[in-house]
Amino acid sequence: MSFRILFTCLSLGLITAAAHAEPLSQLQPLSRASLLLDIGHAGKHLIAVGERGHVLIKQQDWQQVATPTNAQLTKVFFFNDKLGWAVGHDATILHSSDGGLSWQVQYQDPKREKPFFDVFFSTEQEGVAIGAYGLFFRTHDGGASWQEEFHQELLFEEDVSYLNELKDSDPEAYLIERGSLLPHFNRIIPLPDNRLLLVGELGLVAVSSDNGVTFNRTEFDYDGSMFSALVGGDKVYVLGLRGHVFSASLSLHDWQELQLPVESSINGGLANDDGSLYLVGNAGVILRQDPHGDIALLARRQGENIVAIDKDDAGTVWMVGTKGVFSLDDIAKK
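Counted the way mature numbering (1 follows the signal peptide of the UniProt record, and there is no 0) counts, the sequence shown spans residues -21 to -1, 1 to 313.
These are calculated hints, taken from the structure and not from any lab test. These numbers come from a predicted model, not from an experiment. A virtual CB, placed ideally from N, CA and C, is assigned to each residue, including glycine. Treat the hints with care, since some could be wrong.
As the list claims (entries may be wrong) - Quick list of the computed label-pair ranges, beta carbon to beta carbon:
#1 Lys61 <-> Gln238: 39 to 49 Å
#2 Phe129 <-> Ser101: 16 to 26 Å
#3 Pro150 <-> Gln42: 47 to 57 Å
#4 Asp253 <-> Asp138: 43 to 53 Å
#5 Gly212 <-> Gln126: 27 to 37 Å
#6 Arg221 <-> Ala275: 17 to 27 Å
Just need the whole structure built from these sequences, with the hints factored in.
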């Protein structure tokens, strides 16, 4: 299926699947310009992650730190200024307890051949990691141990019937099929009322009121892939394929599509305190929605895909993608 191939094989349409992990990520002098797939906060510092297990931390400048893997990293999340997790290919989960300066492997299974795409912790102990083909792992002990879950409630009805029949007739085939029928889980975020929002492939937009134990699909009328989600003010935004971006109130019942001046896939966004919103995506597009809802194309970086965006404590907006990390100020200087 084209949407599935786009996300799994290209990691948001960017590159082919990474090779199996090697023992250690190599420190590279040009790592700042290498493929980076996410950027996030660890207290006052920003941290970016990407190919070959690269982790970069911004203090005075961007510096690479060593990690115990060469697996491509797709997402980073910090619960506070010390405790953080990064996930990626080879079903890799890394953990840091010192603000990203050092990392340890908590879980890795190259034979699984499925990447994690996101990780979220609601407390220091309770967390989930999600990924390709419905990959869903949970920890109750800060990542010391992880347990896999299968969210059958997110299957289509015909797939549920098919699996039930197969479970009785061919248990081995049942386990194989079960591992490929769920859509990709691309992003999981907390809502202001502590519910969790899960978005993914094939128009998946689902919500959980029990910390991800069960999910219910929302009334979302679009069957394309959603790559990311964010909360801005009193609205929820989901970002996806070919320029499709939707917003709704926190009730999640009134989805409306934003009219973008581009058709590039939108991979990430950043909500600002003044009510404005940045969106970034493939073909190097950077867009801004002002507080009144008007959307403009700020820049287009040719030959580049932009995947994620965040802001440092000084107010500088930073982005990452196929050509590394750069700031909005860098673009203004050109």
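Verification of the supplied hints:
With their beta carbons about 42 Å apart, Lys61 and Gln238 fall inside the hinted range of 39 to 49 Å. A beta carbon spacing of about 21 Å between Phe129 and Ser101 agrees with the range 16 to 26 Å that was offered as a hint. Between Pro150 and Gln42 the beta carbons are some 51 Å apart, a value that agrees with the proposed interval 47 to 57 Å. For the pair Asp253 and Asp138, the beta carbons lie near 44 Å from each other, so the given range of 43 to 53 Å is met.
Range check, Gly212 to Gln126: Cβ separation about 36 Å, and the 27 to 37 Å hint holds. A C-beta distance of roughly 19 Å is found between Arg221 and Ala275, which places it inside the suggested range of 17 to 27 Å.
Every hint from the earlier list agrees with this structure, and none is contradicted.
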